[in-house]
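2 protein chains.
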Amino acid sequence: MKIIKYPERHDWHEIVERPIVATEKVFSLVLPVIQEVKEQGDKALLRLTEEVDKVKLSSIEVSESEIAQSGNDVPLQLKQAIEMARRNIWKFHLAQMPNTVEVETSPEVFCTQKSIAIEKVGLYVPGGSAPSFSAVLMLAIPAQIAECKEIILCTPPDEQGKIHPAILYAAKISGVKRVFKIGGAQAIAAMAYGTESVPKVYKIFGQGNHLINAAKQLVYLQGTAIDLPSGFSGLEVLADKTAHPEFVAADLLAQCEQCADNQVILLTTDEDIITPVLEQIEMQIEKLPQKEIARKSLENSKIIVVKTIEQAVEFTNLYAPEHLIIATQYYKGVAEGIVNAGSAYLGNYSPISAGYYVSGTNHFLPADSLSKAYSGVNIDSFFRKLTFQHLTRAGLSNIANAAMLMAETEGFAARCNAVKVRIDEEIIKPEIERR
Amino acid sequence: MKIIKYPERHDWHEIVERPIVATEKVFSLVLPVIQEVKEQGDKALLRLTEEVDKVKLSSIEVSESEIAQSGNDVPLQLKQAIEMARRNIWKFHLAQMPNTVEVETSPEVFCTQKSIAIEKVGLYVPGGSAPSFSAVLMLAIPAQIAECKEIILCTPPDEQGKIHPAILYAAKISGVKRVFKIGGAQAIAAMAYGTESVPKVYKIFGQGNHLINAAKQLVYLQGTAIDLPSGFSGLEVLADKTAHPEFVAADLLAQCEQCADNQVILLTTDEDIITPVLEQIEMQIEKLPQKEIARKSLENSKIIVVKTIEQAVEFTNLYAPEHLIIATQYYKGVAEGIVNAGSAYLGNYSPISAGYYVSGTNHFLPADSLSKAYSGVNIDSFFRKLTFQHLTRAGLSNIANAAMLMAETEGFAARCNAVKVRIDEEIIKPEIERR
Numbered sequence: 001m002k003i004i005k006y007p008e009r010h011d012w013h014e015i016v017e018r019p020i021v022a023t024e025k026v027f028s029l030v031l032p033v034i035q036e037v038k039e040q041g042d043k044a045l046l047r048l049t050e051e052v053d054k055v056k057l058s059s060i061e062v063s064e065s066e067i068a069q070s071g072n073d074v075p076l077q078l079k080q081a082i083e084m085a086r087r088n089i090w091k092f093h094l095a096q097m098p099n100t101v102e103v104e105t106s107p108e109v110f111c112t113q114k115s116i117a118i119e120k121v122g123l124y125v126p127g128g129s130a131p132s133f134s135a136v137l138m139l140a141i142p143a144q145i146a147e148c149k150e151i152i153l154c155t156p157p158d159e160q161g162k163i164h165p166a167i168l169y170a171a172k173i174s175g176v177k178r179v180f181k182i183g184g185a186q187a188i189a190a191m192a193y194g195t196e197s198v199p200k201v202y203k204i205f206g207q208g209n210h211l212i213n214a215a216k217q218l219v220y221l222q223g224t225a226i227d228l229p230s231g232f233s234g235l236e237v238l239a240d241k242t243a244h245p246e247f248v249a250a251d252l253l254a255q256c257e258q259c260a261d262n263q264v265i266l267l268t269t270d271e272d273i274i275t276p277v278l279e280q281i282e283m284q285i286e287k288l289p290q291k292e293i294a295r296k297s298l299e300n301s302k303i304i305v306v307k308t309i310e311q312a313v314e315f316t317n318l319y320a321p322e323h324l325i326i327a328t329q330y331y332k333g334v335a336e337g338i339v340n341a342g343s344a345y346l347g348n349y350s351p352i353s354a355g356y357y358v359s360g361t362n363h364f365l366p367a368d369s370l371s372k373a374y375s376g377v378n379i380d381s382f383f384r385k386l387t388f389q390h391l392t393r394a395g396l397s398n399i400a401n402a403a404m405l406m407a408e409t410e411g412f413a414a415r416c417n418a419v420k421v422r423i424d425e426e427i428i429k430p431e432i433e434r435r
Numbered sequence: 001m002k003i004i005k006y007p008e009r010h011d012w013h014e015i016v017e018r019p020i021v022a023t024e025k026v027f028s029l030v031l032p033v034i035q036e037v038k039e040q041g042d043k044a045l046l047r048l049t050e051e052v053d054k055v056k057l058s059s060i061e062v063s064e065s066e067i068a069q070s071g072n073d074v075p076l077q078l079k080q081a082i083e084m085a086r087r088n089i090w091k092f093h094l095a096q097m098p099n100t101v102e103v104e105t106s107p108e109v110f111c112t113q114k115s116i117a118i119e120k121v122g123l124y125v126p127g128g129s130a131p132s133f134s135a136v137l138m139l140a141i142p143a144q145i146a147e148c149k150e151i152i153l154c155t156p157p158d159e160q161g162k163i164h165p166a167i168l169y170a171a172k173i174s175g176v177k178r179v180f181k182i183g184g185a186q187a188i189a190a191m192a193y194g195t196e197s198v199p200k201v202y203k204i205f206g207q208g209n210h211l212i213n214a215a216k217q218l219v220y221l222q223g224t225a226i227d228l229p230s231g232f233s234g235l236e237v238l239a240d241k242t243a244h245p246e247f248v249a250a251d252l253l254a255q256c257e258q259c260a261d262n263q264v265i266l267l268t269t270d271e272d273i274i275t276p277v278l279e280q281i282e283m284q285i286e287k288l289p290q291k292e293i294a295r296k297s298l299e300n301s302k303i304i305v306v307k308t309i310e311q312a313v314e315f316t317n318l319y320a321p322e323h324l325i326i327a328t329q330y331y332k333g334v335a336e337g338i339v340n341a342g343s344a345y346l347g348n349y350s351p352i353s354a355g356y357y358v359s360g361t362n363h364f365l366p367a368d369s370l371s372k373a374y375s376g377v378n379i380d381s382f383f384r385k386l387t388f389q390h391l392t393r394a395g396l397s398n399i400a401n402a403a404m405l406m407a408e409t410e411g412f413a414a415r416c417n418a419v420k421v422r423i424d425e426e427i428i429k430p431e432i433e434r435r
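Going down the list, the protein sequences come from chains A and B. For the first sequence, this note's numbering assigns the number 1 to the initial residue and increments by one for each residue that follows. For the second sequence, this note's numbering assigns the number 1 to the initial residue and increments by one for each residue that follows.
These aren't lab readings, by the way, just hints derived from the structure by calculation.
Heads up, the list lumps identical chains together, so a pair's fine if it works in one copy or across two of them.
SDA-like mimics (lysine to any residue), calculated; alpha carbons at most 25 angstroms apart, straight line:
#1 Lys38 - Phe232
#2 Lys420 - Pro75
#3 Lys120 - Ile15
#4 Lys420 - Gln280
#5 Lys25 - Tyr220
#6 Lys332 - Val421
#7 Lys149 - Ala95
#8 Lys241 - Thr392
#9 Lys91 - Val101
#10 Lys114 - Glu336
#11 Lys114 - Gln311
#12 Lys114 - Met97
#13 Lys120 - Tyr193
#14 Lys25 - Gln222
#15 Lys200 - Leu221
#16 Lys420 - Ala130
#17 Lys2 - Ile285
#18 Lys200 - Glu51
#19 Lys149 - Glu61
#20 Lys5 - Leu318
#21 Lys43 - Val55
#22 Lys420 - Arg295
#23 Lys114 - Phe315
#24 Lys332 - Ala95
#25 Lys2 - Ala260
#26 Lys420 - Leu278
#27 Lys25 - Lys38
#28 Lys149 - Val16
#29 Lys332 - Ala394
Could you build the full structure based on these sequences and the hints that come with them?
Right, here's the structure in full:
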């Protein structure tokens, strides 16, 4: 890790620069896959699955009974853990449910904003030997709370054509009704355009490798909504002298083991913490199966020392970390100052792993510095807000002159006329029998 | 308008197809502009403004005094109309303000979701002889309510290098502090990357021609958030025998006059309404300055007759109109069934113009059929939802086993360890003095 002590304020912008994710560079790899799926549907999916996942599928869809019985192949303890996660994610996301807003803005001008669930959503989780069942929980549970009508899941099969039972079990208990054995850009294309087997959805959620992310961007450009733009994942630990070096090291490594491109930052007001943290990293990293990945990620990473907690907060808001651990004495006060971050963990006993799995917060968060403009996945991600307005004849009269003058000034005569014909109308018969 | 009577259910999918907006096709035109602004900043802006807007600017920014005095050049009646619009937009968007959500998901596991305004937002409105001051109100007022710290506006100057006073006045009363005389893709690039004069923002709002929309997509791909993807604007009027042909015709034309690519649809259960509506269209269109545009738009447009209101609702949800007028006897019941639409206008006295200007609803809405997945601009568009979690030592103990088992099963040893080091810790000294 690069150590930067007391950088000048004018150097901060350079320090917070991240490596650029050039998703567009793989567009040319992904476009033909999307095109093939669009044109050939299931046939393309079967061919690509054979080519990429090395398995010839008889059916693209997981059978209902396989989903129903998935619990039999998941150890009891893991099922209990998943149930605890499910309950907490459910509670936290349920509390976020949007309300209907009704306002009489002018007399007899009634405006309403209603939240309505997106009808069809598609979830993607990666495959591999380590099953991303937590991603299923994070995406499917809010979709279930929102009551999206169609919730489908795509995930690549193993070489036996199977999906890990923990993924199927997580899907089952989170209201996912249909699971498809498809991975890669082909899965994104299938959900965006639909095939004989896979229904077209309106919004796609989930993350994967750079091909998945590029495919999401490409279908976004053609009208399918996506949860979040992709980027490199990151963590900042903001520590003062009350932080525990052992915990800090463990948290930094927890974000490094996943991907060599991840960046972690230790931002501290306490120079003396650097050595014990680095020692702890060395001790802990040796025990990690993914230590090579973690080491590479640490090469992108930095330790930055600033003078005051106020500076640390300012720096943090400039950096806009995805995950932020606040390991300081007055963590609540520090948290009050944070405006740019995906998710923050307060105090010495709130490890990043709590949020990854069980606490109830969502782990799909804005990567890079995207938290400056984006929220992580939350209940809103599964809703749209529609507006309704109802004006009585009197209500329209109240705003008619203003609307007509504004329309006229903007050069829209027909918009003006749509008001005029109504207020000029002669009331002869009761409204309902008029024609 | 093409008339389609009682189409079979299996033909509906074809009927709701819209022309495709191929924004990508102009990417190659827009990319060099973005690149030039990125590399040369203000110099590029001045050069492009001279080339495109035919004016050599001495300063890119409108002076503070010009904004302050803009009210002098706006007629009193228009100021009063704008004030009514401002007040209603304010009321409706203020009522949408998000709440903080706090849940103790497991004992001593405290999760919070806080809404924090995006710090820097950039608004774009088109120029021309007809000033889009209503767009300024629609975007700046919610930004002001959200308390975004920096709210800037870009709009192209006229050939005298001036901005229409109505735009400046709308900006002034909506909390916009800085206005820049830049149009086109160069304005989008300036706000996305910043120049010597124009501050970089995190999210860009507003619509324009296809170059603007392409530029927004391109900067989105590089990390700047945007309000909504673009598309062709549209309106559906859902009418039964209680609808007024004169009003229906006026509403259809109100959406046709703006752009030849707009599509409008009259969906009705009453065949007898067709002739009087077409007659009214012919009468009214002749008086419109933009009648040529309106006629072209009508060529893309359709009248569809279905048997029942239930079918009409189902068809509407498949079509997902941007604007929807429900001119039926039981409009409230019909509105209950609508799930896919941007904004709905209920009854015979709720013209589309009310929502465009004064009622208080936002007129930046999901075009094409994007309302299936997107909301129109609303107060949320100016916020991000951050999550915070605080676990006590006991709180962590309560979820530790579940988190560790899930992390382990997903193959993340370091995530598991970040919990383990904390619960294995021996408590010798009080926490605060530990180091």
